[in-house]
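Based on these hints, arrange chain Z on the given structure of chain F.
Protein sequences, first through last, are from chains F and Z. The numbering used here puts the first residue of the first sequence at 2, with every later residue one more than the last. The numbering used here puts the first residue of the second sequence at 2, with every later residue one more than the last.
Everything labelled a hint here was simulated from the structure, so no lab data went into it. Heads up, some of the hints might be wrong.
Each pair of labels, with its calculated beta carbon distance range [as the list claims (entries may be wrong)]: (1) F:P15 / Z:A44: 26 to 32 angstroms; (2) Z:L42 / F:A44: 37 to 43 angstroms; (3) Z:A44 / F:W66: 42 to 48 angstroms; (4) F:A74 / Z:E53: 28 to 34 angstroms; (5) F:A19 / Z:W66: 40 to 46 angstroms; (6) Z:A88 / F:K50: 24 to 30 angstroms; (7) Z:T16 / F:E53: 22 to 28 angstroms.
C-beta atoms are modelled at their ideal positions from N, C-alpha and C, and glycine is treated no differently.
Number of protein chains: 2
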Amino acid sequence: MDALSSTLAALADPTRRAMLVRLSQGEATVNELAEPFEISLPAISRHLKVLETAGLISRGRSAQWRPCRLEAAPLKEVDGWLARYRAHWEGSFDKMGAYLTELTKGDENGPKS
Amino acid sequence: MDALSSTLAALADPTRRAMLVRLSQGEATVNELAEPFEISLPAISRHLKVLETAGLISRGRSAQWRPCRLEAAPLKEVDGWLARYRAHWEGSFDKMGAYLTELTKGDENGPKS
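Just chain F, with the same shape it has in the complex (with noise of 0.2 angstroms):
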């Protein structure tokens, strides 16, 4: 899988992004990290293998404790790959000012007076 597709199915997960909310705060252990989440510790660490392979944590090298952190540069290339599209809504707020100037004129053939 490409590195965008890998980062993007990782992410397509809510407890792994609330893993990587967590981590945005500083490094967590992995207890730290399963606490509030009523699954089982191998589903965690299942959790942590996708982030972990999709570069978006690395682990510390402490045997005992190894702690987790973010890694933002995936974030960075789907932020990236986002950008041609701000334009689209950005624009929005502007489309719905001309939708309702439309509906004020009164019907779909426009004002009769």
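Quick look at chain Z alone, frame taken from chain F:
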């Protein structure tokens, strides 16, 4: 699946992303969208269905053409989710600077002078 996960899963495919790039330039028919790809029309239709289910495209009502158009709202949601991480990669040059400063100090116990 939650809406954001559905959007990210739909984006986690290079063919579907390429279709959105094409649609960012304007509406297109299924045949126009299929043209650059060496995959079957049924496969194209499945990709379009995933994009439509995620709300990333809509289809025109004309029975014959049913042109596809980009719907940018779900991409805006992705952008909103990414916003909190922007500081992480925007700060990365500063972090690299600090790291290089650290390196020039000598070993990990700091300068010995």
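Which constraints among the numbered hints does this structure fail? Numbers only, ascending.
Violated hints: none at all, because every hint is consistent with the structure.
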